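> One-letter residues, chain by chain:
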Amino acid sequence: MRGLRQTHVSFLSGVLFALGLGIAGMTRPAKVLAFLDITGDWDPSLALVMVGAIAVYGVAFRQITSRLQRPLLLPRFELPTRTDIDARLVVGSILFGVGWGLLGLCPGPALTAAVTGDAGLLIFVAGMLAGMIGFNLALEALQERRRAP
Amino acid sequence: MHLSDLALVLPLASARAPATLLAGATAPDLAAALFGGALIGLASMLLLLFSGRVAGISGVVGGLLPPRLGDLDWRVGFVAGLLVGGLALRLALPSTLDLSTLPDSTPLLLLGGALVGVGTRMGNGCTSGHGVCGVGRMSRRSVVATVTFMAFAAGTVFLSRHVIGG
Numbered sequence: 001m002r003g004l005r006q007t008h009v010s011f012l013s014g015v016l017f018a019l020g021l022g023i024a025g026m027t028r029p030a031k032v033l034a035f036l037d038i039t040g041d042w043d044p045s046l047a048l049v050m051v052g053a054i055a056v057y058g059v060a061f062r063q064i065t066s067r068l069q070r071p072l073l074l075p076r077f078e079l080p081t082r083t084d085i086d087a088r089l090v091v092g093s094i095l096f097g098v099g100w101g102l103l104g105l106c107p108g109p110a111l112t113a114a115v116t117g118d119a120g121l122l123i124f125v126a127g128m129l130a131g132m133i134g135f136n137l138a139l140e141a142l143q144e145r146r147r148a149p
Numbered sequence: 001m002h003l004s005d006l007a008l009v010l011p012l013a014s015a016r017a018p019a020t021l022l023a024g025a026t027a028p029d030l031a032a033a034l035f036g037g038a039l040i041g042l043a044s045m046l047l048l049l050f051s052g053r054v055a056g057i058s059g060v061v062g063g064l065l066p067p068r069l070g071d072l073d074w075r076v077g078f079v080a081g082l083l084v085g086g087l088a089l090r091l092a093l094p095s096t097l098d099l100s101t102l103p104d105s106t107p108l109l110l111l112g113g114a115l116v117g118v119g120t121r122m123g124n125g126c127t128s129g130h131g132v133c134g135v136g137r138m139s140r141r142s143v144v145a146t147v148t149f150m151a152f153a154a155g156t157v158f159l160s161r162h163v164i165g166g
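One line per chain: the protein sequences are G and H, in this order. For the first sequence, position 111 (counting from the first letter as 1) is numbered 111 according to this note's numbering, and the numbering increases by one without interruption. For the second sequence, position 51 (counting from the first letter as 1) is numbered 51 according to this note's numbering, and the numbering increases by one without interruption.
Pulled out of the complex, with its shape left as it was, chain G reads as follows (with noise of 0.2 Å):
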């Protein structure tokens, strides 16, 4: 019962999120990389993305936080307390940042115009996806590695 009601939080949370993109405008490649372009023509609103979905969430995170000692339906918040800085997220981080300039794509965005069926689209997903589990698995194996004597 409880997993069926974590599944229907996610799904509600997953519309509205991809609702949000849409009506910011993170659906549409071409603004996002006239909002990346910044000595061009630049399109400086989806800068408000951030900065509208930073501050609901960033003052719905202190509130909750500090008020209640877990979720509403699972026993312990799950949120990561690294902050180390390390060559991984830099790396990681910048070609993320090089994929993402190269077509005005995030995983997010992504996915959510998945459902239009544009070929490019779909081609895009399946390297986005490949990569992800790809990257998962040589983690793991070099993992598996490390831990054998």
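Hints are computed from structural coordinates only; laboratory data are not their basis. As the structure is a computational prediction, the values presented were derived from the model and not from experiment. Take the hints with a grain of salt, since some may be wrong.
As the list claims (entries may be wrong) - Coverage of chain G stretches by chain H, computed from C-beta distances (three or more under 8 Å per stretch; other residues unrestricted):
hint	region
1	86-92
2	106-119
Unchecked claim - Sample of chain G residues lacking proximity to chain H, with all beta carbon distances greater than 10 Å (derived):
hint	residue
3	ALA126
4	LEU142
5	GLU144
Yeah, the Cβ is synthetic: ideal placement off N, Cα and C, and Gly gets one too.
Guided by the hints, dock chain H onto chain G, whose structure is given.
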């Protein structure tokens, strides 16, 4: 658009982005971006409030590849929600899904996708997990990641539009 959303967000927006900086965009675009952003914040808040989790798309999807029992339902639910949300956009606001400018080159599309896929798994997050949730809770790692991917995305656009292409 709810006025209450604007009332909450506008003072912050004006503080962080002076009006002159925003002159390159139209008012409806700015309002839509702010409202869409607030919806994204709300969606992320729901996941935190009920499940205590970070709404990071690459993390949610990456955890499904390969899928693991016991950690499956909420991830599948979220991705299904994204797709249904996409369908709703397609039916109600089709102009929001404008992919006509994507290049035809299959190698370029695959390369971009692979960079995004590998990069977000390696860096433990993307625009949502680091950019919204991480920066929203002022995580040091997320601020570094966000500044890094924004800078390299802008740099890539600069190179491809003004140095190589154009």
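> Could you run down the list of hints and mark each one as holding or not?
Right, here's what the structure says about each hint:
With 5 residues having a Cβ less than 8 Å from any Cβ of chain H, the region 86-92 of chain G passes the three-residue criterion, so the hint holds. Note: the region 106-119 of chain G has 11 residues with beta-carbon separation from chain H under 8 Å; the three-residue rule is met and the coverage holds. Residue-level check failed: ALA126/G sits 7 Å from the nearest beta carbon of chain H, not beyond 10 Å. Distance check for LEU142/G against chain H: the nearest CB is about 12 Å away, which clears 10 Å, and the non-interface claim stands.
Non-interface call for GLU144/G relative to chain H: holds, since the shortest CB-CB distance, roughly 14 Å, exceeds 10 Å.
In the structure shown, a violation is registered for the earlier hint numbered 3 alone.
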